[in-house]
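There are 2 protein chains.
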Amino acid sequence: MQDQNLKNVTETAVNLLSKSPNPRLNEIMAKLIQHLHTFASEVKLTEDEWMKGLEFLAAVGKIGLSEFIMLSDAIGLSKVVNIMNHPPLEGITESNFTGPYYRDEAPLLTSPFKIYSGCEEEGEQVLFSGQVMAPEGKPIAGALIELWQTAPNGLYDCVDDTQPDYNFRGQLYTDEQGRYQFQTLKPANYRFPSAGPVGQMLVALDRHTWHAAHIHFKVSADGYEHLVTQLFFKGDPYIKSDVVFAVRESLIINLQKHDSPEEAAQHNVKNPFHTAHYDFVLKPKC
Amino acid sequence: MQDQNLKNVTETAVNLLSKSPNPRLNEIMAKLIQHLHTFASEVKLTEDEWMKGLEFLAAVGKIGLSEFIMLSDAIGLSKVVNIMNHPPLEGITESNFTGPYYRDEAPLLTSPFKIYSGCEEEGEQVLFSGQVMAPEGKPIAGALIELWQTAPNGLYDCVDDTQPDYNFRGQLYTDEQGRYQFQTLKPANYRFPSAGPVGQMLVALDRHTWHAAHIHFKVSADGYEHLVTQLFFKGDPYIKSDVVFAVRESLIINLQKHDSPEEAAQHNVKNPFHTAHYDFVLKPKC
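Same order as they appear, the protein sequences are chains H and B.
So in this note's numbering the end of the first sequence lands on 286, straight run, no missing numbers.
So in this note's numbering the end of the second sequence lands on 572, straight run, no missing numbers.
Same shape as in the complex, but just chain H (with noise of 0.2 Å):
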């Protein structure tokens, strides 16, 4: 402690925790310490500044637990550790984030697998399709698929007072052949609320605050990791600037327009629609 200068404070802060019972922890904070000391300094942060950045913290936290996630989605801390977590993996479909608005108990759905009622005029009806399949192409009968996304009004319905509880939401079961199929209205763009904190962060950075649209699928089955993530449409506006970084390459899917009438009849939607496609891999257990 004596003749502290910036590392020895840094150095004294790390040698405190070397006493922690718990390696883990110590690990964590000493870290976090080293890289906050440093980032401070690179930055010669003031004390106007500090003091702006523990008022923002102690804004965050008056709205709580769900502001700071949405902060840690907001400057892609969330997508780090989702990735680290989830990484990559050759021929596997990738991990995405669950996002706030998962719910279990999702209708089990029956042909003809339609994940909605009402606002048809507000949306372009899709029909989904793919199949559930191990690495080596093998298909997965039986896997249970969840899916949830928004409606055409950008709104979940747990948060819309509009639609029917457990609308756009739906749980159903590959077939023999691990195939699947479900009718939908493609989701709409929505925004991060921009009144909070975080918003404000976004605006006062000229960042905008809207998702790419996406669907959310979580795919399990028996032998297999369950799999989270998240499927995307080619040509999104938000698709290189999503305001939570999580557009990956591998999840975004084209929406094929069909305008043939006998078409849309035989599968009774309206004409024009749009077909979409995708195949989900699971990594087995080890």
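I should point out that these hints are in silico values taken from the structure, not numbers from a laboratory.
Among the hints, a few may not be true.
[What the hints assert, rightly or not] Once the Cα atoms are required to be at most 25 Å apart in a straight line, the calculated SDA-like pairs of lysine to any residue come out as: (1) B:Lys-526 / H:Lys-52; (2) B:Lys-317 / H:Pro-21; (3) H:Lys-31 / B:Glu-341; (4) B:Lys-569 / B:Glu-535; (5) B:Lys-348 / H:Asp-222; (6) H:Lys-44 / B:His-494; (7) H:Lys-7 / B:Ala-316; (8) H:Lys-19 / B:Phe-325; (9) H:Lys-52 / B:Tyr-388; (10) H:Lys-285 / H:Asp-222; (11) H:Lys-62 / B:Gly-350; (12) H:Lys-240 / H:Arg-191; (13) B:Lys-317 / H:Met-51; (14) B:Lys-305 / H:Thr-46; (15) H:Lys-19 / B:His-494; (16) H:Lys-44 / B:Pro-374.
[Said to hold, decoys possible] Ranges of calculated distance between the beta carbons of each label pair, as one might list FRET restraints: (17) H:Gly-64 / B:Ser-480: 15 to 25 Å; (18) B:Pro-307 / H:Pro-261: 48 to 58 Å; (19) H:Met-51 / B:Val-445: 15 to 25 Å; (20) H:Ser-117 / B:Ser-480: 46 to 56 Å; (21) B:Asn-301 / H:Lys-52: 15 to 25 Å; (22) H:Asn-153 / B:Asp-492: 49 to 59 Å; (23) B:Val-445 / H:Asn-5: 31 to 41 Å; (24) B:Asn-301 / H:Glu-42: 16 to 26 Å; (25) H:Asn-22 / B:Ala-481: 43 to 53 Å; (26) H:Glu-263 / B:Asn-308: 49 to 59 Å; (27) H:Gly-64 / B:Lys-556: 49 to 59 Å.
Just so it is clear, the structure is predicted and the values come from calculations on it, not from any experiment.
Glycine residues also receive a C-beta, built at the ideal position from the N, C-alpha and C atoms.
Assemble the complex: chain H is given as a structure, and chain B must be docked to it using the hints.
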């Protein structure tokens, strides 16, 4: 955004900032994002640990700004910011934290410059004296010294109903020779509150929550920069492990014990008593 790996997430998050109209905010956020991402990656932060971290911040936020300041103090970040903004200069008294207990408009002291009333039985009497001077040794007459400290019970007046208002606080002016003196009782070590999340963090890290005993000073004189600092006492058990890393070698003073009924009578104090001496050297304004 395409094909992100960890590094790519960081780059994407930083590159988004380049649009911000506030270059300083850009610079601060870019470095903070880089350091937080690197931290998470270096310690291989798990999703559980990430969530525990956010829950900890939410608990800190529930208490508010004061708890965030305490957190910054406890991890040495406040000290880094303090040193960086007031770098030690050869021959000038070193700066230190103002801390949360400064109050302006403390009573102006007159001879014998006693800054307290009551609790004489509980503490060791100290006759404190010194000079305020310019770097070349020229005394500064009429410099304003504001000082504040804990009572022997370890509490500041403003958080202790048993003390008169403004107890252990005072203002005084240096005389023609730049000299000052005051009578006090030795301040006590005191603790961070350990019930809150930051206190609990320190407990989990097996760190104590004690401050080294100190007296706060603010010294102001025309033509010189304000000096805010703290003086500590040689032999204090927390000199090397002060909870907020405040102690600096150049700010440790010696308490000299005097056991002489004659001297005590001359100064109108009880025998034995202590003396302490410190000369403040101010930095001329540029």
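Legend entry - Asn-22 of chain H versus Ala-481 of chain B beta-carbon gap, inside 43 to 53 Å or not: violated (20 Å)
Legend entry - Lys-62 of chain H paired with Gly-350 of chain B [C-alpha distance capped at 25 Å]: holds (7 Å)
Inset, instruction - Take a quick look at whether Lys-44 of chain H and Pro-374 of chain B sit within 25 Å of each other, Cα to Cα. - result: holds (15 Å)
Legend entry - Given pair status - Glu-535 of chain B, Lys-569 of chain B, alpha carbons within 25 Å: holds (19 Å)
Inset, instruction - Starting from the range 15 to 25 Å, see whether the pair Gly-64 of chain H and Ser-480 of chain B falls in it by beta-carbon distance. - result: holds (23 Å)
Inset, instruction - Could you grab the alpha-carbon distance between Lys-44 of chain H and His-494 of chain B and see if it respects the 25 Å cut-off? - result: Violated, at about 30 Å.
Legend entry - Asn-301 of chain B versus Glu-42 of chain H beta-carbon gap, inside 16 to 26 Å or not: The hint (16 to 26 Å, Cβ to Cβ) holds, given that Asn-301 of chain B and Glu-42 of chain H are roughly 18 Å apart.
Legend entry - Given hint Tyr-388 of chain B paired with Lys-52 of chain H - CA-CA distance at most 25 Å: Distance of about 20 Å is within 25 Å: holds.
Inset, instruction - Return holds or violated for the Cβ distance of Asn-153 of chain H and Asp-492 of chain B against the range 49 to 59 Å. - result: holds (53 Å)
Legend entry - 25 Å limit on alpha-carbon distance, applied to hinted pair Lys-285 of chain H and Asp-222 of chain H: holds (9 Å)
Inset, instruction - Can you let me know if the beta-carbon spacing of Glu-263 of chain H and Asn-308 of chain B is within 49 to 59 Å? - result: holds (53 Å)
Inset, instruction - For the pair we were handed, Lys-317 of chain B and Met-51 of chain H, check the Cα-Cα distance against 25 Å. - result: The hint holds at about 17 Å.
In the structure shown, a violation is registered for the earlier hints numbered 1, 2, 5, 6, 25, in ascending order.
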